[in-house]
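Residue numbers (the working numbering), protein chains in the order written: chain Y, -12 to 246; chain G, 14 to 345.
It is worth saying that the hints were derived from the structure and are not from the lab.
Certain hints may be false.
What the hints assert, rightly or not - A short, non-exhaustive set of chain G residues, derived as facing chain Y with CB atoms under 8 Å: (1) Q42; (2) A44; (3) L69; (4) P71; (5) T73; (6) G75; (7) D105; (8) L108; (9) E112; (10) Q117; (11) E126; (12) G150; (13) W191; (14) V231; (15) I243; (16) V294.
Said to hold, decoys possible - Chain Y stretches covered by chain G per the calculated footprint, using a threshold of three residues with CB under 8 Å from any CB of chain G: (17) 79 to 90; (18) 151 to 159.
What the hints assert, rightly or not - Taking CB as the label site, the calculated pair distances span: (19) G285/G x S79/Y: 55 to 65 Å; (20) T235/G x S241/Y: 33 to 43 Å; (21) C112/Y x G38/G: 27 to 37 Å.
For each residue, glycine too, the CB sits at the ideal point set by N, CA and C.
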Amino acid sequence: MSRAGGTRDVALAVAWRGAHNYFTNPAIFIPGLLFPLFFFTAFAGGLSRVDSVPGFEFGSNYTAFVYGFVLMQASAFGGVFTGFSIARDFESGFSRRLLLAAPSHGGIVAGYWLTGVMRAVFTICIITVVALAAGMDVQGGGIDLLGLYTLALLVNAAATLFGCGVAMRLRTMQAGPLMQIPVFLLLFLAPVWLPYDLITGWVHAAATVNPMTLILTTERGFVAGDPVHVVITFAVGAALVGAALLWARGGLHSAEQAA
Amino acid sequence: MSSSPAIETADLVREFKKGPRAVDGVDIQVAPGEVFGFLGPNGAGKSTTVHMLTTLLPPTSGSARVAGHDVVEEGTRVRAAIGAALQEAALDPFLTGREHMKLQTALHGLPREQRARRGDELLGRVGLTDAADRKVGGYSGGMKRRLDLALALVHGPRILFLDEPTTGLDVQSRSALWAEVQRLASDDGVTVFLTTQYLEEADQLADRIAIIDRGKIVAQGTPDDLKDEIGRPSVEVIPAEPADLARMKSVLARFGESVASPPKAAAVRLSGGDAQLADVVRALDAEGIRVQHLQLHAPTLDDVFLAKTGRHLEGAGDGAAVEDAEPDPVAA
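Based on the sequences and whatever the hints tell you, model everything.
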């Protein structure tokens, strides 16, 4: 078996297990689905008059504005919850089976990444259906939507690999907050409910340096059919994935030293 | 069959941060096709050694080669040659037995068309066909161990590591697992590295044994050789009349040095071996001492452990763990 073949087999096997456990255990998939659904239904409806505020400039309706954020949240938390699953595998000892049986340990990380993608895609599909049913006005065309969901997958990959690195270093479910809190802060220190220009004070300062601001602004632009900063946003997304990949690789090395 | 060792370590050491040396200069050689018993009490360093030999843990110093490959430099080749069932069966409670086989065959890269057949074959071999479609969360301890063993065999490993495979199992499950280990070694020529804290298990299964205590090998050889090192058997006698105990002790003292015994009994290690048993009986009869119970003890591995370390092996004759274990409803 070639090295690439071994990596692919391992990745597909790990991803198959992740999908199996996700779709057969409501306790696993319901929290990941409920969070973005709650944020969407609560805020897209409850704050819908925000789009009447002077200075609120967005080319579509408020439901579409909130969808941009909820999409990013679903992508990121699909990755974070996958990190929880990795930590659970280490705590239960199941990771030893993977480390022992897999000729390619990189394939294990790839398999977890595929699991994260699957979780995010499932949640995004549900949210998109709900958003369309709630009257989301999508102005973007096919290319815009391709860009929108590609960005979402980049955010998901970065979050999964970040969670993977934390889980593999600490190898306990107690690492959960360390995966969740940084992602939560990054998400909510972006212009979540209002455009960047309407935010003031320290939150504005935080949003200015937060890479999620750029990603969220471009995502919303794709929904409205008027994307901005596309090249730099994809470069930032790719850089986040690259940094998270290095972090995950270090986590794998740590796990290999202490399994 | 290759003449080079299946497993070979040289001055293998593993130190943990802020802890003692869990493994302290272990030198072992295991021949291909051999069942090698690694015997020691809890915390002796057995599992740490297995983790190093299976590439799960890098050694602090020293070297180890498994199937001819260095465990540090050639981890992928080592893992391809070995199977391992570790101390706690690492199973996913949400998967069935058959799904575990599917996962494991895929991880090992078996061709797709062979995966289901190989899985079914191994599930049958360990007596889990009827339970194959049940979630593992509902398996008994014995069933989990047998599934773990089947999983370790999916890729036909040349070397099998079993880390305390029968701890906590009932007698029936333990016997079934012993039979499978013996079959693997005798029929398939698999080298088996078996850690255990049960003397009987090591005695029954192992061609050779290494005894480890506090990270160091304290004895190594065949079970018979090790027991011969200790040498002579002992005889333990309980008098019918407790008042005769002191007199009986003086009679027994003629036949060898005194050894530990229960309060109502006396025991000596026979200086002339078991041939002296008849002389002991005649001497007691001549003194008019009636005997309630008399037993000849052949040297055991516990005697070997005692002689080498000054302590008894934890869990020696520990039937409680076995009797308390969860019964296995479908033991083979």
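A quick look at each hint next to the structure:
1. Q42: violated, 23 Å
2. A44: violated, 23 Å
3. L69: Holds, because the Cβ-Cβ distance from L69/G to chain Y comes to roughly 4 Å (cut-off 8 Å).
4. P71: holds, 6 Å
5. T73: violated, 11 Å
6. G75: violated, 16 Å
7. D105: Hint on D105/G: holds, closest Cβ of chain Y at ~6 Å, below 8 Å.
8. L108: holds, 7 Å
9. E112: Result: holds, 7 Å to nearest chain Y Cβ.
10. Q117: Interface hint status for Q117/G: holds (6 Å vs cutoff 8 Å).
11. E126: violated, 14 Å
12. G150: Because about 11 Å separates G150/G from the closest Cβ in chain Y, which is outside the 8 Å limit, the hint is violated.
13. W191: violated, 23 Å
14. V231: violated, 28 Å
15. I243: violated, 37 Å
16. V294: violated, 55 Å
17. 79 to 90: holds (count 12)
18. 151 to 159: violated (count 0)
19. G285/G x S79/Y: 55 to 65 Å: The hint (55 to 65 Å, Cβ to Cβ) holds, given that G285/G and S79/Y are roughly 57 Å apart.
20. T235/G x S241/Y: 33 to 43 Å: holds, 41 Å
21. C112/Y x G38/G: 27 to 37 Å: With a Cβ separation near 58 Å, C112/Y and G38/G fall outside 27 to 37 Å, so the hint is violated.
Of the numbered hints stated above, those contradicted by the structure are hints 1, 2, 5, 6, 11, 12, 13, 14, 15, 16, 18 and 21, listed in ascending order.
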